[in-house]
Structures are given as C-alpha cells and as structure tokens.
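We have chain X; now place chain F onto it with these hints.
Number of protein chains: 2
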Amino acid sequence: MLHWLRHYRRAMLPGDISAGVVVAMMMIPQGMAYALVAGLPPVAGIYASIVPPVLYALFGTSRTQSVGPMAIVSLMTASSLAPLAAAGTPLYATLAAQLALLSGLVLLACGMLRIGFIANFFSRPVMSGFTIGSSIVIALGQLPALLGASLPALHLPSAILGLGSLVILLAARSLLAPQLRRIGVGSVVADIGAKLVPMAVVLGATVLVPVLGLEGLGVRTTGTVPAGLPVFHLAASFGHWQPLLQPALLIGFMIFLISMSGAQTLALKRAEKLHSNYELIGLGAANVGSALSGGFPVTGSISRSAVNFAAGANTQLASLITAALLALALVAPTGWLALLPLPALAATIIVAVLGMLDTTTLRTAWRYDRVDAAALLATAAGVLALGVEAGVVVGVALSMGALIWRASRPHIAVLGRIPGTEHFRNVERYSAETAAGLLLLRVDAGLFFGNVEAVNERIEDELAARPDTRHLVLVLSAVNAIDTSALFALAELNTMLRTRGIGLHLAEVKGPVLDRLKQSALLDELNGKLFLSTAMAWDALSPNARTH
Amino acid sequence: MLHWLRHYRRAMLPGDISAGVVVAMMMIPQGMAYALVAGLPPVAGIYASIVPPVLYALFGTSRTQSVGPMAIVSLMTASSLAPLAAAGTPLYATLAAQLALLSGLVLLACGMLRIGFIANFFSRPVMSGFTIGSSIVIALGQLPALLGASLPALHLPSAILGLGSLVILLAARSLLAPQLRRIGVGSVVADIGAKLVPMAVVLGATVLVPVLGLEGLGVRTTGTVPAGLPVFHLAASFGHWQPLLQPALLIGFMIFLISMSGAQTLALKRAEKLHSNYELIGLGAANVGSALSGGFPVTGSISRSAVNFAAGANTQLASLITAALLALALVAPTGWLALLPLPALAATIIVAVLGMLDTTTLRTAWRYDRVDAAALLATAAGVLALGVEAGVVVGVALSMGALIWRASRPHIAVLGRIPGTEHFRNVERYSAETAAGLLLLRVDAGLFFGNVEAVNERIEDELAARPDTRHLVLVLSAVNAIDTSALFALAELNTMLRTRGIGLHLAEVKGPVLDRLKQSALLDELNGKLFLSTAMAWDALSPNARTH
Numbered sequence: 072m073l074h075w076l077r078h079y080r081r082a083m084l085p086g087d088i089s090a091g092v093v094v095a096m097m098m099i100p101q102g103m104a105y106a107l108v109a110g111l112p113p114v115a116g117i118y119a120s121i122v123p124p125v126l127y128a129l130f131g132t133s134r135t136q137s138v139g140p141m142a143i144v145s146l147m148t149a150s151s152l153a154p155l156a157a158a159g160t161p162l163y164a165t166l167a168a169q170l171a172l173l174s175g176l177v178l179l180a181c182g183m184l185r186i187g188f189i190a191n192f193f194s195r196p197v198m199s200g201f202t203i204g205s206s207i208v209i210a211l212g213q214l215p216a217l218l219g220a221s222l223p224a225l226h227l228p229s230a231i232l233g234l235g236s237l238v239i240l241l242a243a244r245s246l247l248a249p250q251l252r253r254i255g256v257g258s259v260v261a262d263i264g265a266k267l268v269p270m271a272v273v274l275g276a277t278v279l280v281p282v283l284g285l286e287g288l289g290v291r292t293t294g295t296v297p298a299g300l301p302v303f304h305l306a307a308s309f310g311h312w313q314p315l316l317q318p319a320l321l322i323g324f325m326i327f328l329i330s331m332s333g334a335q336t337l338a339l340k341r342a343e344k345l346h347s348n349y350e351l352i353g354l355g356a357a358n359v360g361s362a363l364s365g366g367f368p369v370t371g372s373i374s375r376s377a378v379n380f381a382a383g384a385n386t387q388l389a390s391l392i393t394a395a396l397l398a399l400a401l402v403a404p405t406g407w408l409a410l411l412p413l414p415a416l417a418a419t420i421i422v423a424v425l426g427m428l429d430t431t432t433l434r435t436a437w438r439y440d441r442v443d444a445a446a447l448l449a450t451a452a453g454v455l456a457l458g459v460e461a462g463v464v465v466g467v468a469l470s471m472g473a474l475i476w477r478a479s480r481p482h483i484a485v486l487g488r489i490p491g492t493e494h495f496r497n498v499e500r501y502s503a504e505t506a507a508g509l510l511l512l513r514v515d516a517g518l519f520f521g522n523v524e525a526v527n528e529r530i531e532d533e534l535a536a537r538p539d540t541r542h543l544v545l546v547l548s549a550v551n552a553i554d555t556s557a558l559f560a561l562a563e564l565n566t567m568l569r570t571r572g573i574g575l576h577l578a579e580v581k582g583p584v585l586d587r588l589k590q591s592a593l594l595d596e597l598n599g600k601l602f603l604s605t606a607m608a609w610d611a612l613s614p615n616a617r618t619h
Numbered sequence: 072m073l074h075w076l077r078h079y080r081r082a083m084l085p086g087d088i089s090a091g092v093v094v095a096m097m098m099i100p101q102g103m104a105y106a107l108v109a110g111l112p113p114v115a116g117i118y119a120s121i122v123p124p125v126l127y128a129l130f131g132t133s134r135t136q137s138v139g140p141m142a143i144v145s146l147m148t149a150s151s152l153a154p155l156a157a158a159g160t161p162l163y164a165t166l167a168a169q170l171a172l173l174s175g176l177v178l179l180a181c182g183m184l185r186i187g188f189i190a191n192f193f194s195r196p197v198m199s200g201f202t203i204g205s206s207i208v209i210a211l212g213q214l215p216a217l218l219g220a221s222l223p224a225l226h227l228p229s230a231i232l233g234l235g236s237l238v239i240l241l242a243a244r245s246l247l248a249p250q251l252r253r254i255g256v257g258s259v260v261a262d263i264g265a266k267l268v269p270m271a272v273v274l275g276a277t278v279l280v281p282v283l284g285l286e287g288l289g290v291r292t293t294g295t296v297p298a299g300l301p302v303f304h305l306a307a308s309f310g311h312w313q314p315l316l317q318p319a320l321l322i323g324f325m326i327f328l329i330s331m332s333g334a335q336t337l338a339l340k341r342a343e344k345l346h347s348n349y350e351l352i353g354l355g356a357a358n359v360g361s362a363l364s365g366g367f368p369v370t371g372s373i374s375r376s377a378v379n380f381a382a383g384a385n386t387q388l389a390s391l392i393t394a395a396l397l398a399l400a401l402v403a404p405t406g407w408l409a410l411l412p413l414p415a416l417a418a419t420i421i422v423a424v425l426g427m428l429d430t431t432t433l434r435t436a437w438r439y440d441r442v443d444a445a446a447l448l449a450t451a452a453g454v455l456a457l458g459v460e461a462g463v464v465v466g467v468a469l470s471m472g473a474l475i476w477r478a479s480r481p482h483i484a485v486l487g488r489i490p491g492t493e494h495f496r497n498v499e500r501y502s503a504e505t506a507a508g509l510l511l512l513r514v515d516a517g518l519f520f521g522n523v524e525a526v527n528e529r530i531e532d533e534l535a536a537r538p539d540t541r542h543l544v545l546v547l548s549a550v551n552a553i554d555t556s557a558l559f560a561l562a563e564l565n566t567m568l569r570t571r572g573i574g575l576h577l578a579e580v581k582g583p584v585l586d587r588l589k590q591s592a593l594l595d596e597l598n599g600k601l602f603l604s605t606a607m608a609w610d611a612l613s614p615n616a617r618t619h
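Sequence lines, in order, name chains X and F.
So the first sequence is residues 72 to 619, counted in the numbering used here.
So the second sequence is residues 72 to 619, counted in the numbering used here.
Isolated chain X, as found in the complex (with noise of 0.2 Å):
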C-alpha cells in the first residue's frame, strides 16, 4: 500500500506532472462519453475518474494504471441494467451505482480468498474475440446518437457534425503523428499529440454550438451538467440486490481480466511486478469508491494506461493529479459543457473503439493454431449474437473448450531403440528397432481427467495392432503430473493387463510425479517394475537382450 508513495523521488515528478495533465485532457470526453455509452449522464463519466483511481492508487500495484470508465464495463453496465430500468431515470443511475458496489465486493472478497488466478480463464485469442465483438456492438450502438436520429432516417446537421468529427478523427489518427513527426516533433510528444485531438474535436463542436446555432437547429447537447464535486452516499434500491448478483460476477471478472491484460503490458516493460490479489483489491476499493460517488464500474483502460505511461507517468501519482484535476474542472464554472454536442461525442466512441478492433491476435493465431483462431471468431460471434453478457460465458466455455480439446489428442509415440546406442525414438521418425513382445509408449502429456480416455484408447490400439505383447512400457519423461482422474486409469489399465497376462511398466518417471505417486496405492500393485531409464527396462524385458 502506497509501496510507491514511501520511494518517490523528487525526479518521478515532472512525468507525473506532464502525464496527469495530459490523461486529465484525455479524460473529460473519453469519461463523458463512456458514460453515455452506460445509458448515464455525461456527468456520471466525470465523477468515475476522481475517487476511483485515487482508491486504486492507495491499493492496486501498478504504478501506470489508469482507472476510470473503459468502453466494454460501460456497456456491461448498459446491458446488465436494460431490463431492470429505463436509461436516464433515477432508479438507472441508482442501479448503476449499486451495480459499482456489488462488483467492488465481489472483487474485494475475491482479492481476499487469493483467487487471483481466475484471471487465468480466459485465454488471450479469446479475450481478443470478446474485445472485437464488444467494440462492434459499441460502435453500432452510437450510430444513431452519430447520426442525430434512429436509422435509417437521420437528422441532417446532426449527422454532419457527427461524420465531420468522425472523419477529423480518424485523419488525425492515421495522419497526424506522422505528420508531426516528419516537421521534427519528437515521436512520444507525437504521439501524445495525436490522443488530444479527441479533446480538440470536441471543444471544437462544443464551439460551433452556440456560433451555428446548432442547438436551435435540434442537435441534441450533454445538457445542463451540475457543478460542484460528487456527494459521498450509498444509493442502492434493497428490492435490486439478488438481480445485479449475476452481472455484478461476470462485470467483476471483466473489469479484472481487462484491467489486469493492459497493466501486465506496462508493467513488463519497467519490470515491475503486478500482483494479482492486490490488483482485486485495488480494483475492488475503487469500484466501492465509485459506487459511492455517484459513479459506476470502472476499471483499468489500456488506451488510457498507455497514453498515462507514454507521457512519462512514473507512479500513482500521475492518477492523483488527473483526479485533481477533473475535481477542478467540476469545481470551475461548467455551463459550457452542457453545449457539447453529441454527435461528436459520438464520434470520439466509435474511433477509440476502432482502435480496440486489432487483428494481430487473430492474424497470429490464424497461422499458429487454428483452434485458438476458431475460439476467437466464435467468442466475437457470440458476443454479437448473444450480447456482451452471455459472451463472458461464451468465452470462458470456448477457453476450456479449446484446451480440453487439444488435450483430448495427446501425443503418444511408440518407441524403438537407435540400434547400438542407449537412445528411444519415435519409430515413426527415426529407423529405431522394437523388440518381440515388448511395446515401449512415451505420452507427451501431463496426465489428467482431459485425456486419459484418449490415453487409455491409445494403449487399447496399439495392444490390439500387437496381439504378442507380453510388457507394457509406459515411458513418462514428458509428463510433468498425474492427477487423481488418471492415477485412477492407471489403476484400471494394471488390473486389465494383469488379467490379461501382461505386465505394465513405468520408466523415467519424473521426480515430483514420483513423489506423489508413493502417497498412492499404484506403486505397490503395479503388475510390473518401475526403471529408471527406458534403456533398462529394454534391458531387462526384451528377449533379444535376455538371450545375449
């Protein structure tokens, strides 16, 4: 806890200045609009940023972190609270609030039980597919506030201001960092340049409001936003707990594997060291926080975190400064945000989450593993067919799915002897010779519940294609663990051999997988012997080797 606080040095100071005020310019339409993307007002967006990265930076353990309102929890919040209340209403913004809390004490309960290896559920072309299906379904749900009207009719001087910012926007980000660079601006001032022209865009419509007339013309504003700080208070409608259960769950894990996946990043490159329940913790105070700010679930943006790092942010306090800083901009005079036209708010959503629709992961797994590209097509699929709450579901499934797939088809080679050395290969790879009646079979695999039918089929085959067999030869060097499930098959295969007539062998049994197999009943019933080494169990049941 404030591990950073007690070795801050005077030189950390200047970058977390330089980062606190250029995340606090990134922060004010990127919070109010991802509190649209909520179904809340624009204001809402403003009080997430303040209190929770404060309580993040007391708790949490990356130094580059920046919490706040992020794209995806915003629309889980949408879709968790679309049946309970109407966007806008008092009773929405108090579930939202409530919705914070229970994610927070959920996520505060897991940090306490160390369960921090939940974040391990999900793998990563999978969260690539939910990130793509999650950024398609934002970008389409702000079509009609881009386009001032419900599709397919449109509000002409709504959709003009909306497409313009979204051209100006995606000009500058394609355009601008290299044009700043090539007039010879360094490459992270840039960079950073390139992330403030959300702000610029906005300011800029918010200035044309007035001067167009706009609002008289009906382009709809964020409308009167209230000054003055958030008030603390615990708002919760008692009648709601036992519904926001379930979303609060896959809401926590969200916000934890999306917090945890960008602050991995960061942390890898200053060698820091993340730790996982300090992270739920963090993350748990800070949803808390925001729940009693007026708020709603927040987490860690990688986008943000980025922009935070790339201008210099050394520590928490960084964050501390944008926080202070968005307190000011509520404590100054804030009619003119009430003018910001939503079109171009719009405008800013559907470009940062074109950002988030990145195809490498996919590209990658397309040539690497196809099952991962498959799992990933069918999560953002999911994700789109089912919604973003189902997708978690979809995700987690597709996770284990592929991993219980893969382990499913073991490899297993039978081995022969490199004649006249001491070394086992593969027979269908190297000339190797096999011995009468002896079948030598390396699993490459940990055994557990995911492939010992496999396993167990494997045996039945090759015993069958070698009705001679009188020793089986299990050779475990690459199995690194043997679970209940397959100590239990183990088992099984002994007794069905011995009454068979043949003799089950281990070799090259690993030492921690040998330890633990003495706490069990196998070693001492094993209808054969345990050798060291593939080549003495060669040695002591190949007739070949017994005759010389």
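Calculated from the structure, these hints are not laboratory results.
Hints are not guaranteed to be accurate.
Copies of the same chain are indistinguishable here, so a pair counts whether it falls within one copy or spans any two.
Here are the simulated BS3-like cross-link-like pairs (lysine-lysine), alpha carbons at most 30 Å apart as the crow flies [what the hints assert, rightly or not]:
hint, residue 1, residue 2
1, 600, 581
2, 600, 589
3, 589, 340
4, 600, 344
5, 340, 600
Below, chain F alone, put in the same frame as chain X:
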C-alpha cells in the same frame, strides 16, 4: 452398427440368455422405482426399458451396457420438470417424454458433430462428488414414501413394511453373497443371487398386501398398471420447447458421462473399444425411442451393466432378451403389479443409491491430491445445496477450476551444471554450478493461457534476484505444447528483455513444438539463439566457458 450380430457365434448364446433373464428380473423393480424417482407412474419405467435398449443395441458400441432408467437421470428429470408441471398430471408425463426427446436430439447432434471429447470436462473426483450428492438427495427424497407419510409424522404399517424391507435388503447386501459362497455356491452366482434380492423383497411385500389387507390399513401401492405394450406416439407440449432446452442440455451431458464412465470400465475388462461418437448416437437414439414410447430420459446404468456383464452377457443380444421379457411381462396379466407397495419400492431405491455412496475416490484423492479431494467435496455440497442441475455446472466449473489452479503454479527450476558433466539439474536439489550472467530456467509444464502469467512472474522474480543476468535460457525439454497465448507472452518477454539488454534463448525445444513455432515470427525476432541442448547453451553463453 450391429457389428456384434455379424460376428455372433453360437457359443455366446447361453451367456446372453442367462444375462438377459437376470437383468430383466432386476429391471422390473428398478425400472418402476426409478420412474417413481422421476415423478412418473411406475409403468413408465418398464416402457423406458423396452425400446431404448433395442435402439442402443443398433447404434451403440458397448456390448454389455444396459440402457434404461437410472437413478441420477431420473432425479434430474424430476428436478427439471418440477417448475413446469405437477407430478402425476398428464402434462408432466408429456414433458418427461419431451425432455427425453430433446436430450436425445442433443446427444444425436453431439454425435454427428463428433464432439465426444465433451465427456472430458468432468474429472473423476468431481463425478464421484456429483454421484455422492445425488445419492443423498435421492435417498432423502424416498424417506416419505418409505415411512408412508410426510415427515416427521409417519404411517405405522407403511413404516414397518418400508423399514422391514430396508433391513432385509441391507442384510442381504452384506451377508447373502458371503453366505452363499460359504455353502459352496460359485462367487459369480452368489453375487448375482444377491442382486436379485430386491425383486424377491418386492414380490414378497406384494404378496403381503392382499394377505394382510395392507391397502385397507392405508399402505399405498403402485395402483393399476395398464396392460399391453407402449404405443408409439409423439407427446409434446409446444409451449415447452424453450424452457426444456437448458435441462435437456444438462441431462444429455450427464446421460453421456454416466453411460461412458460405466461402459469404459466394462470395455477395459474385455479389451473392447468404445467409440464416444457412436455412444452419443446410441444414447441419443435410445432417448428418442424412450420419448416415442411413453418413457423418459434413460442412460446406461453401471450397476445394471455390471450385473449383465457378470451374468455372462457377451453381446447386446442379452439386452434384447431383457427387453423382450419386459414386453412379455406387460402383455401377461399385470394385475398383481398394481399391488406393489410403495414403501418396499422406496426401500429398494434407498439401498440402490446407498451402493453409489462410494468413498474410495474420496479417500484416494485425500491422500494423493487435496485439490481433487476438495473439488469432490465441493461438488457434493453443490448438489446438496443448489440442486442436481446446478451441481452439473458446479462440477464442470470445479474440474476446470482445479485444472487452472494447478496450472497457475507450474514447477519451474533454476538449472545448474553438475560439475565436470553435461548434465543440468535443479540447483535446489543438486549441488550444481551456475555461471555469472547466465540464468537457465526449466519450465516443467506445457505453456498455455493458464500458466503464462505465473511463468512471467517467476522469470521476473529470478531476474530481480540476479540483476547481473545477461542471458536467460528457457530450457523447454518438458514443454509439450505452446498455445497462442503463450506465444504472445514469449514475444512480449522477448521485446522486454531486449530493451533491458538481456538475451532470450531457447534450448531443448521438442520437435512438434519447434515445428509449430516455425509458423510464427518468434524465432526470427528472438533476441538470442536456439540451442539443441542446455550444454550447448552453457558453452556458448557462460563467461567461464568462453575464457577456456
């Protein structure tokens, strides 16, 4: 299909006939009893024992599997239908058949899609916990019928009959087979004799009903059993497809798991080979057949199949004989079946499920692997606390949870050289020498999304403990696979180490792993080299070696 019939030999006939007769005598009370567990009239249990085994014999692959009503599947049927209709009503019977139809279609679809690997989602300890929890739920559910009333009040004549039957059954179970053996009966015959005690007890109790006038005393009986064969028809309520879909998925999954776990044990004893995809189709056809002939969801029963096997069944002809005998029983006068007293049937159910309360798996897991033991107990508790349907989900979650938890703590060793040799061993276990600036790490697990974070953390820890490290060598001799998530993690590790001026090298990469890595950009971008052996890496990278 019918492979067994094409290879039928006359010598198989006596065994098939004796098994067919024995199982039919076991099936009559069991089928009726499990129909009661499912909330259906007893005759439905006989119906569900005629057509399903015939269809399974046509499409399934196990030669000795006895398909029909089974306790856990009946419990799941009852708990799925409870919210939709009242037991005993025509709608309830219709929905039971519809559930069998949907479950059958789910199984057929899984078979056509060839996804038999889904059986691998349950670990053996979790299956044991699920069975224990379900057995307790079933036994408790039979107490009112056993005692003839709602607890705590009981109906004395019923209770005497029920408890009396229970005592006889329990005594027979533990004493009869040993006594028979002692007087010289062969042990197989003695065991089969003991299995027929339920039929004898039910018959004896049925005789007592008219003799003692028990009906007049208020003892409940099965009531009129309609004579005649089941009529083929499709009963379905069109408003109930949707609410039955999720139960059908869960029941279909458990039908497959329960049947496979029993069939595998028997197949192993005879060196038969099961094909999981054909099993899905056989069980699917059996359930569709059950639905069309007035039955309810059915599966292979391990206890009945074991009797079938022990009584000499050589092929599915035994099951066909059983089905024919049950059909005959329905064509013969069925008046006497109406007098079967429910307390005696409840006693047979309780004794049957007590036989499923096997603690061997728990005791083995407790000694061998506490995580598996905890998963077993938690699954049993989940079934008791949340119900049998939620228990399936809990079981899958715990199987996967134990897997990911274990994966999240991979065994990683820092290697050193055994002086004067080319052998490298864990420095914590052996006195081995290390070289300045060179860190050799051996990861004893396949690299995948479940452990990449733990591996990263460990690498970071080891580098932090050795700030002078210039070269990190990952020794991958125990790595059987690297998935896409781990590929990305290695690429990021490579980038990070490059910026810190540390080389990343790979040694002893297995053939299949290397083949796959060549499909990625990792090897081209590697900030270091690929070494065939750890000794070669040592020679190239250790400063000592270089000076020689």
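#### Entry: Within, between, both or neither, where residue 600 and residue 581 count as close if Cα-Cα is 30 Å or less
both (15 Å within a copy, 28 Å between copies)
### Message
As a check of your reading, is residue 600 near residue 344 (CA-CA no more than 30 Å) within one copy, between copies, both or neither?
### Response
between (46 Å within a copy, 27 Å between copies)
### Message
Cα distance capped at 30 Å. Does residue 589 pair with residue 340 within a copy, between copies, both, or neither?
### Response
between (43 Å within a copy, 26 Å between copies)
### Message
If the cut is 30 Å between Cα atoms, do residue 600 and residue 589 qualify within a copy, between copies, both or neither?
### Response
within (14 Å within a copy, 39 Å between copies)
### Message
Cα distance capped at 30 Å. Does residue 340 pair with residue 600 within a copy, between copies, both, or neither?
### Response
Between copies, since 22 Å is at most 30 Å while 50 Å is not.
Comparing the model with each numbered hint stated earlier shows that all of them hold.
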